[in-house]
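**Student:** These are the residues of each chain, in order.
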Amino acid sequence: MDVLAVLNLGEFPHIFSKMGMFPVFDLAYYIVSILYLKYEPGSVEVSRKSPVASWLCAMLYCFGSYILADIMLGSSPIDYFQHNSHILLASAVWYLIFYCPLNLFYKCVAFLPVKLVLVALKEVVRTRKIAAGVHHAHHAYHHGFLIMVIVGYVKGSGVALISNFEQLLRGVWRPDTNEILNMSFPTKASLYGAILFTLQEAQYLPVSKSTLILVFTLFMATSKVVMTARHSHGSPFALIESWVCHLLFGSPLGGSEEDHHHAAAAPSSPLKTKEELSEGARKRKAKKAE
Amino acid sequence: MDVLAVLNLGEFPHIFSKMGMFPVFDLAYYIVSILYLKYEPGSVEVSRKSPVASWLCAMLYCFGSYILADIMLGSSPIDYFQHNSHILLASAVWYLIFYCPLNLFYKCVAFLPVKLVLVALKEVVRTRKIAAGVHHAHHAYHHGFLIMVIVGYVKGSGVALISNFEQLLRGVWRPDTNEILNMSFPTKASLYGAILFTLQEAQYLPVSKSTLILVFTLFMATSKVVMTARHSHGSPFALIESWVCHLLFGSPLGGSEEDHHHAAAAPSSPLKTKEELSEGARKRKAKKAE
Amino acid sequence: MDVLAVLNLGEFPHIFSKMGMFPVFDLAYYIVSILYLKYEPGSVEVSRKSPVASWLCAMLYCFGSYILADIMLGSSPIDYFQHNSHILLASAVWYLIFYCPLNLFYKCVAFLPVKLVLVALKEVVRTRKIAAGVHHAHHAYHHGFLIMVIVGYVKGSGVALISNFEQLLRGVWRPDTNEILNMSFPTKASLYGAILFTLQEAQYLPVSKSTLILVFTLFMATSKVVMTARHSHGSPFALIESWVCHLLFGSPLGGSEEDHHHAAAAPSSPLKTKEELSEGARKRKAKKAE
Numbered sequence: 001m002d003v004l005a006v007l008n009l010g011e012f013p014h015i016f017s018k019m020g021m022f023p024v025f026d027l028a029y030y031i032v033s034i035l036y037l038k039y040e041p042g043s044v045e046v047s048r049k050s051p052v053a054s055w056l057c058a059m060l061y062c063f064g065s066y067i068l069a070d071i072m073l074g075s076s077p078i079d080y081f082q083h084n085s086h087i088l089l090a091s092a093v094w095y096l097i098f099y100c101p102l103n104l105f106y107k108c109v110a111f112l113p114v115k116l117v118l119v120a121l122k123e124v125v126r127t128r129k130i131a132a133g134v135h136h137a138h139h140a141y142h143h144g145f146l147i148m149v150i151v152g153y154v155k156g157s158g159v160a161l162i163s164n165f166e167q168l169l170r171g172v173w174r175p176d177t178n179e180i181l182n183m184s185f186p187t188k189a190s191l192y193g194a195i196l197f198t199l200q201e202a203q204y205l206p207v208s209k210s211t212l213i214l215v216f217t218l219f220m221a222t223s224k225v226v227m228t229a230r231h232s233h234g235s236p237f238a239l240i241e242s243w244v245c246h247l248l249f250g251s252p253l254g255g256s257e258e259d260h261h262h263a264a265a266a267p268s269s270p271l272k273t274k275e276e277l278s279e280g281a282r283k284r285k286a287k288k289a290e
Numbered sequence: 001m002d003v004l005a006v007l008n009l010g011e012f013p014h015i016f017s018k019m020g021m022f023p024v025f026d027l028a029y030y031i032v033s034i035l036y037l038k039y040e041p042g043s044v045e046v047s048r049k050s051p052v053a054s055w056l057c058a059m060l061y062c063f064g065s066y067i068l069a070d071i072m073l074g075s076s077p078i079d080y081f082q083h084n085s086h087i088l089l090a091s092a093v094w095y096l097i098f099y100c101p102l103n104l105f106y107k108c109v110a111f112l113p114v115k116l117v118l119v120a121l122k123e124v125v126r127t128r129k130i131a132a133g134v135h136h137a138h139h140a141y142h143h144g145f146l147i148m149v150i151v152g153y154v155k156g157s158g159v160a161l162i163s164n165f166e167q168l169l170r171g172v173w174r175p176d177t178n179e180i181l182n183m184s185f186p187t188k189a190s191l192y193g194a195i196l197f198t199l200q201e202a203q204y205l206p207v208s209k210s211t212l213i214l215v216f217t218l219f220m221a222t223s224k225v226v227m228t229a230r231h232s233h234g235s236p237f238a239l240i241e242s243w244v245c246h247l248l249f250g251s252p253l254g255g256s257e258e259d260h261h262h263a264a265a266a267p268s269s270p271l272k273t274k275e276e277l278s279e280g281a282r283k284r285k286a287k288k289a290e
Numbered sequence: 001m002d003v004l005a006v007l008n009l010g011e012f013p014h015i016f017s018k019m020g021m022f023p024v025f026d027l028a029y030y031i032v033s034i035l036y037l038k039y040e041p042g043s044v045e046v047s048r049k050s051p052v053a054s055w056l057c058a059m060l061y062c063f064g065s066y067i068l069a070d071i072m073l074g075s076s077p078i079d080y081f082q083h084n085s086h087i088l089l090a091s092a093v094w095y096l097i098f099y100c101p102l103n104l105f106y107k108c109v110a111f112l113p114v115k116l117v118l119v120a121l122k123e124v125v126r127t128r129k130i131a132a133g134v135h136h137a138h139h140a141y142h143h144g145f146l147i148m149v150i151v152g153y154v155k156g157s158g159v160a161l162i163s164n165f166e167q168l169l170r171g172v173w174r175p176d177t178n179e180i181l182n183m184s185f186p187t188k189a190s191l192y193g194a195i196l197f198t199l200q201e202a203q204y205l206p207v208s209k210s211t212l213i214l215v216f217t218l219f220m221a222t223s224k225v226v227m228t229a230r231h232s233h234g235s236p237f238a239l240i241e242s243w244v245c246h247l248l249f250g251s252p253l254g255g256s257e258e259d260h261h262h263a264a265a266a267p268s269s270p271l272k273t274k275e276e277l278s279e280g281a282r283k284r285k286a287k288k289a290e
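Protein chains in written order, with full-length UniProt numbering: chain A, 1 to 290; chain B, 1 to 290; chain C, 1 to 290.
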């Protein structure tokens, strides 16, 4: 009978939303995050020259969302570092990705089918983080809707929002762009997700939280898997956004699309963000750096 | 009889210092602050390209003082964002100034007579913020005179103190100058005001707080209105400061004056701060950007 | 009999670890710290042009460790500024070093024998700060070993870790390097010290805290005095580190040594940190700036 109850689809969202994230999902999150760090130009050199800086960057990639959310709510920014097992797991992943003999671990996890699974698992964690961030902020500020959106947003976006300072740690400084000026898909989706979860928490949305978590997870995982498989960075929101921005803010129609093309046409443009570099190019750079 | 009591000048400082700031005075504060944001070169382009970044900058301009003071006292930096009505009002002002059809709202509030009134009202809010900041810090640190000065100072200066990082949000980076190296008049006045209010709070100044608020407000409003009307950035403190700095710190006499002239002589100097650009030039730039 | 008890070596570590730091040791700490600030290129000009910026930098040099540790533990970053006597003492030192007639005070404290004594006293304070930081973090996070290391580390390193932002305050921006990428000897020693004190606090190290304080102080004072006397920046850890990094992280053997030589060979390299400039060169620069 218990098996039947688990199979009952009506219960599924609830069970899914209560499922523990540690260690499987968190492991996938750490692997994909540190993989993206290794794609960053120059990060392999930093890992050889200054392991401490490289480790710190890896920690920012893995726990940036907790650090930012703690700052936003006025807690200790390193509060999450009391979870020794999480830190150890992330450090082990960092070590394996950067220093494993023959680059074996990196080759395994960067192998596309494996990576697609990991990317999907990462989005499960991201959605849960957004929901937890909004809930946490709601607890502290009962009517602070904007605070709830901000905390959910930083929990979903993590290191991307402080990428300028993360790069500074590695000796790179690109002030002409940042994640707010040129939002990537995960950052945008985190913002919309944070708004949805805030509406749900304020009971303006007629769905249960577990259903919202399930639906948003499915959307995020599907989008990211498709985008990763296609090496694409087009956003599913592009069309709607383009029209809304045109109506509300007088932005030129299809603006972001055009911007991308311009960036592609100007190959030495310093404005290129990591999100505008195709994954293929990034991988090639990472390989060359080995 | 009540009317008479209100007219009674002895009571006036007390009534003035208890007067509510929301919504009239706060509205003026938001309008003038976001007007200054629109004067910044490039801010109109940012508002077209990334409304989120533009809105964030506007919030920093309006609530930077609260954010900084909260950081200084170890609270949540976004604590003030729980006041939904203030945020909504500031967001509406931001929308009207940047996206109003025909630029109508901007033209109205940038019309000199209107602007002079708004500037005067803004200084009322600034003085109250300094007094509140000092009082708040005094509550937390009874003998922390320096903490009281610092918190009052950041409450008065607001976004100016973090202008480097506010600019970074818009993709601009000018590391060679900052508000501490080249203090503008409002920043300097906030510092002196914070010192005065701290002395008053520590009972070294033989005046009541309400009188001090009234006098300081009158001084600030008069100075800023005159400076705005004359498009001038000369500070009323210049002469005294020049002598005191010469005696205490061996600075060359009339140094700051000369620096201004040098900056004016070198038109392409990257050291030019926004405060050194005349308001006229800034307006022209803002207009061109439309 | 009391004198005998004091002379008893078994009690000495305990007495040494309870000895008050204010005012003698703290004074030495402030003098050496602000001396290093004066060695920084451009700092004398800043002290003439903007005494407020210069004073703020001096405070960061003296109290950066407290500010950083307070931020890490989620307290008010200016919490330490409630100790008016410490602030006054540090401000007096700042004034004397930068503005004393005939540069008399600077010449006295920069005189090598005097400086060696002051440097030794400074290391006494540093060790006590690391121990106090670890202890404080242990109190807040009983099993947060990493948090203990981090807080001890920032307490020992102080302003060095935020040198990029301290420089920004003076209008200098060198993003291509930072203290994490190119650790100087005191920063490295603080990290190792923080690890040792954390192990001791977690009772993995079979020594008493007072003994550890005494031994670590002796090691730090000796090392720094020898290095200052020889104008050297070679680290006593270099050989071990080089081998450990080679084995663990695949860094080229003797890497840091080589890097130093390369930096020395490329005289206009922008990567040169303040720690790579010999003290002699820095002094000469400071003198020229007078």
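Incorrect hints may have been included.
Claimed, not checked - Which residues of chain C face chain B? A few of them, derived with a C-beta cut under 10 Å, are:
#, residue
1, Val46
2, Ser47
3, Ala53
4, Ile71
5, Ser75
6, Phe81
7, Gln82
8, Asn84
9, Ile87
10, Leu89
11, Ala92
12, Leu96
13, Gln167
14, Leu169
15, Trp173
As the list claims (entries may be wrong) - Rough simulated footprint, nothing fancy, chain C against chain B, three-plus residues with beta-carbon under 8 Å:
#, region
16, 71 to 77
17, 117 to 124
18, 139 to 148
19, 238 to 250
Think of the hints as simulated: they come from the structure by calculation, not from any bench. None of the values given here were measured: they were computed from a predicted structure. Don't be surprised by glycine CBs; every beta carbon is placed ideally from N, CA and C.
**Student:** Please go over all the hints and tell whether each is borne out by the structure.
**Tutor:** Right, here's what the structure says about each hint:
1. Val46: holds, 7 Å
2. Ser47: holds, 7 Å
3. Ala53: holds, 5 Å
4. Ile71: holds, 9 Å
5. Ser75: holds, 5 Å
6. Phe81: holds, 5 Å
7. Gln82: Hint on Gln82(C): holds, closest Cβ of chain B at ~4 Å, below 10 Å.
8. Asn84: holds, 6 Å
9. Ile87: This interface hint holds because 6 Å falls under the 10 Å limit.
10. Leu89: violated, 13 Å
11. Ala92: The hint is violated - Ala92(C) has no Cβ within 10 Å of chain B, the shortest such distance being about 13 Å.
12. Leu96: violated, 12 Å
13. Gln167: Where the cut-off is 10 Å and the nearest Cβ of chain B is about 9 Å from Gln167(C), the hint holds.
14. Leu169: holds, 6 Å
15. Trp173: It holds, given that the least Cβ distance between Trp173(C) and chain B is near 3 Å, below 10 Å.
16. 71 to 77: holds (count 4)
17. 117 to 124: Violated, because only 0 residues of the region 117 to 124 of chain B bring their Cβ atoms closer than 8 Å to Cβ atoms of chain C.
18. 139 to 148: Since 7 is at least three, the answer is holds.
19. 238 to 250: With 4 residues closer than 8 Å to chain C, the region 238 to 250 of chain B meets the three-residue bar; holds.
Going down the numbered hints, you'll see the structure goes against 10, 11, 12 and 17, while the others check out.
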